[in-house]
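Asker: Residue-level listing of the chains:
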Amino acid sequence: MSEAAHVHHPNYVKVWGILIVLLVLSVLGPEIGIKWVTLIAAFGIAVVKAYLVAKNFMHLNVEKRYVVYLFLTALAFMALFFFGVAPDVMQGSGTNWEKPGWDAPAPVAEPGHGEHGTAESGH
Amino acid sequence: MSDSHDHHESHGFMSYAFSTDHKVIGMQYMFTGMAMALIGGFFAYAFRMQLAFPGMDVPLYGIVSSAEYNSLVTNHGTIMIFWVAMPVLIAAFGNFLIPLMIGCDDMVFPRLNRLSYQIFLLSAIVLISSFFVEGGGFGGAWTSYPPLSAKAEYNLTPLGSSLWLLAVALEFVAFLLGGINFITTVMNARAPGMTMDDIPMVIWMIVLASILFMASVGPLIAGAVMLFFDQQLGTAFFDPDRGGDPVLWQHLFWFFGHPEVYVVLLPAMGITADVMCVFARKKLFAYRTVLYTAIGTGVLSFFVWAHHQFISGIDPRMANLFTVTTLLISIPIAEMCFVYIATLYGGSIRLTTPMLWALAFLGEFMIGGVTGIFLGASGSDIYLHDSYFVLAHFHYTFFPIAIIGVFAGITFWYPKMFGKMMNETMGKIHFWGTVIPFNCIFIPLFLLGIGGQHRRIYNYEHFPELAGKSMQDMRVFATVSLCIMLIFQFVFLYNFFASLLKGKEAGKNPWKSNTLEWTTESPPPHGNWKELPNCYRGPYEYSVEGREEDYWPQNIPDDEPAGGAA
Amino acid sequence: MRPIATTRSATGIPTGRLAVWWLIASEIVLFGGLLSAYIMYRLSHDAWTAQAAQTNMWLGATNTFVLLTSSLTAVLAHKAADNNDTDGAFKYLWFTILGALIFVSIKAFEWTTEIQHGYTLTSSTFWSFYYCAAGLHALHVIAGATIMAIVSMDVRKGKEMQRVELCGLYWHFVDLVWIFLFPLLYIAK
Numbered sequence: 001m002s003e004a005a006h007v008h009h010p011n012y013v014k015v016w017g018i019l020i021v022l023l024v025l026s027v028l029g030p031e032i033g034i035k036w037v038t039l040i041a042a043f044g045i046a047v048v049k050a051y052l053v054a055k056n057f058m059h060l061n062v063e064k065r066y067v068v069y070l071f072l073t074a075l076a077f078m079a080l081f082f083f084g085v086a087p088d089v090m091q092g093s094g095t096n097w098e099k100p101g102w103d104a105p106a107p108v109a110e111p112g113h114g115e116h117g118t119a120e121s122g123h
Numbered sequence: 001m002s003d004s005h006d007h008h009e010s011h012g013f014m015s016y017a018f019s020t021d022h023k024v025i026g027m028q029y030m031f032t033g034m035a036m037a038l039i040g041g042f043f044a045y046a047f048r049m050q051l052a053f054p055g056m057d058v059p060l061y062g063i064v065s066s067a068e069y070n071s072l073v074t075n076h077g078t079i080m081i082f083w084v085a086m087p088v089l090i091a092a093f094g095n096f097l098i099p100l101m102i103g104c105d106d107m108v109f110p111r112l113n114r115l116s117y118q119i120f121l122l123s124a125i126v127l128i129s130s131f132f133v134e135g136g137g138f139g140g141a142w143t144s145y146p147p148l149s150a151k152a153e154y155n156l157t158p159l160g161s162s163l164w165l166l167a168v169a170l171e172f173v174a175f176l177l178g179g180i181n182f183i184t185t186v187m188n189a190r191a192p193g194m195t196m197d198d199i200p201m202v203i204w205m206i207v208l209a210s211i212l213f214m215a216s217v218g219p220l221i222a223g224a225v226m227l228f229f230d231q232q233l234g235t236a237f238f239d240p241d242r243g244g245d246p247v248l249w250q251h252l253f254w255f256f257g258h259p260e261v262y263v264v265l266l267p268a269m270g271i272t273a274d275v276m277c278v279f280a281r282k283k284l285f286a287y288r289t290v291l292y293t294a295i296g297t298g299v300l301s302f303f304v305w306a307h308h309q310f311i312s313g314i315d316p317r318m319a320n321l322f323t324v325t326t327l328l329i330s331i332p333i334a335e336m337c338f339v340y341i342a343t344l345y346g347g348s349i350r351l352t353t354p355m356l357w358a359l360a361f362l363g364e365f366m367i368g369g370v371t372g373i374f375l376g377a378s379g380s381d382i383y384l385h386d387s388y389f390v391l392a393h394f395h396y397t398f399f400p401i402a403i404i405g406v407f408a409g410i411t412f413w414y415p416k417m418f419g420k421m422m423n424e425t426m427g428k429i430h431f432w433g434t435v436i437p438f439n440c441i442f443i444p445l446f447l448l449g450i451g452g453q454h455r456r457i458y459n460y461e462h463f464p465e466l467a468g469k470s471m472q473d474m475r476v477f478a479t480v481s482l483c484i485m486l487i488f489q490f491v492f493l494y495n496f497f498a499s500l501l502k503g504k505e506a507g508k509n510p511w512k513s514n515t516l517e518w519t520t521e522s523p524p525p526h527g528n529w530k531e532l533p534n535c536y537r538g539p540y541e542y543s544v545e546g547r548e549e550d551y552w553p554q555n556i557p558d559d560e561p562a563g564g565a566a
Numbered sequence: 001m002r003p004i005a006t007t008r009s010a011t012g013i014p015t016g017r018l019a020v021w022w023l024i025a026s027e028i029v030l031f032g033g034l035l036s037a038y039i040m041y042r043l044s045h046d047a048w049t050a051q052a053a054q055t056n057m058w059l060g061a062t063n064t065f066v067l068l069t070s071s072l073t074a075v076l077a078h079k080a081a082d083n084n085d086t087d088g089a090f091k092y093l094w095f096t097i098l099g100a101l102i103f104v105s106i107k108a109f110e111w112t113t114e115i116q117h118g119y120t121l122t123s124s125t126f127w128s129f130y131y132c133a134a135g136l137h138a139l140h141v142i143a144g145a146t147i148m149a150i151v152s153m154d155v156r157k158g159k160e161m162q163r164v165e166l167c168g169l170y171w172h173f174v175d176l177v178w179i180f181l182f183p184l185l186y187i188a189k
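Chains as they are written, first to last, in my numbering: chain L, 1 to 123; chain A, 1 to 566; chain G, 1 to 189.
Read the hints as simulated data drawn from the structure, not as lab findings.
Since we're looking at a predicted model, the values are computed, not measured.
A few of these clues could be false.
Covered by chain L, according to a simulated footprint, are these stretches of chain G (three or more residues, beta-carbon under 8 Å) [as the list claims (entries may be wrong)]: (1) 7–13; (2) 40–47; (3) 66–74.
Here are the simulated DSS-like pairs of lysine-lysine, each with C-alpha atoms no more than 27 Å apart in a straight line [to be verified]: (4) A:Lys502 x A:Lys420; (5) L:Lys35 x G:Lys189; (6) L:Lys14 x G:Lys189.
By construction, the Cβ of each residue, glycine as well, lies at the ideal position given by its N, Cα and C atoms.
The task is simple: from the sequences and hints, build the whole structure.
Answerer: Given below as structure tokens:
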């Protein structure tokens, strides 16, 4: 059964090295503290890492195309879900309703002895 | 039954209970589903009696309290969809038919298949046990909207609601495992020569249904975990007072819940297609059109879910969009119905029991579909929402799917399942005794719904504008019709079991059908065929000109002389 | 005796791998639903930024490193299995399991610390999502490690070598989920 399944094995250690470098970048980027750098470092790099893992480790580059399309379809459904739901869920109030606790800070008291202390925001 | 299937295995209960043979598992799904249908039907009887004769001591049940009423309604819906329609239409027919119709000896993952049934059985046991815990079974409707379902102080079923949720989640796991098995089997294990165009429509539909299920259920499983945490651990995912959002649950639920309608509809459509072709002795009109339409319906079914929430306060602009998509989805379904009618046109129709069921499916489902238009349009839905009009509408869709479609399938494949013919006369009595009362139940409910009757009311005597004599008379009429329909089901049960004992021997191919399952013994032995068949043509080559026989089985090579099938 | 069905491959993709692809597709929507809900809540609650700052990014980064490395060993096990190197496949499978154990241990330490600081499942909806999403992922890690341990028993005897690839694919998917959980729960603040 596995005869047909043999694939050409790329240099996995090299791919791993790139992934680790990306990981370091994604951790260091946000330390600068600029919002857009944080977002790109966090999520842009995550997409690149996911691409590398899927392509090289999961061998999706040599798998039948429709497997990739299958995953993209699943992701597209999730995007559909997000954009269909977000207009409702991301509102604090709407036609004849409101969510009393939506914009308020967390009702349970924030612990005071956390490393970074308590933060008050959200109003 | 185990004796007839397990020729090569040791006999006895354990080998039956742990058999990995797809036919045994399919039958287990079917009998479990039928047992659950009896429970669900009994629940319907109990609460309908309460509605027609408030406060009555219901025979076989007793006095229905308001909490019990909620629980009965909730579990009637849950059982009929998750423990009857799904296991019978997809799991039972899928397990039994897929390997037989694509010409292989078993599913590709027989042990996964066994596990899937065991999880399903466990889920049924968990659900039934939830009726007996403190506070009784869950009573927050099968849609389980929070905060009612999330807070014990509202629903008063602290354990019942969580057990209900657990049972539903387990059932989803069972069908995910089963679905993956179905999809892979059809993709990989088809008989040599069977192309995509040679797969019988019922198999296509079961596979598409499995794919739809798999693509839509994930968010609801995540939602079930979140709701469970809300119930038992005090999180606030769906609690608007503490930073949560109850409408999120409605989205999670209906993002699954609406494709779910098509998950059960498509297999019923597939069964109907196969039955109609055999008894009209005609090729399925526009095979590929049906297939592409079904795929299109499946995709479109992901775009309509928010029509269940028009009055939940969703953004009116979104309501506009979802109205359009909802009305759009009636087009492919109508197209499929037209194609089926075109299949019948000019055929030599034989009105056997399975054919009657198939025709009834088409007629009754159309009523369900047409009334859906009123609910899909956000304007009229504001009035009709949560009324008996909605209830009658979805019973006019689900009843044809889960009852009429299933009876079409069972009466059609019964000879293959058990090697005996069912009694035609009793079959027809049962058919008319089911279909006529069915319409008598739900047409009055349409009228009551338009009259403003709200769905979730335990005793209409408390609502003067709904308690008038004419409305109460319709309720009584519907309830009496339900009782008549339930009584006629015993005709079916008698026919089913009596035919097992003294039915006429069916032989290999009593209906003179083309598909591969009819080329083996009835019932098929373990391994299905002594030598696995090859496939040479499409499944619907009936009345081909130039052939002596009016059918042309898929496994006969082209050069073999006409009529060589026998 | 195995059914003949299991040996057929009309698509050209071996049956086991095809099933794993479908399994992964169903997992995508499972995590997708949960994370979509999280993102919606997160974007509409500014207060969560401060709460997210309480998570320990360095432990999260360490765990990312551990999972990426275990993905490497998983794929090396697959390569060894392709070359019929049973010892190598067995060894790399257990390296991967070791990675899973380290991951879960770090997670246990992290959660213990957080709970001791008073950040529990019910502290706020951010923390509910945090424990829910990371917990669901951790369950997948534990499941993956268990599967690999079972598969390794056959592999040592040189049987069912194709399974090394299959559990590896699942493992890479678990890794992929973490690649997105890490920025969502730890970095973004």
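Asker: If you check each hint against the structure, which ones fail?
Answerer: Hint 6 alone not satisfied by this model.
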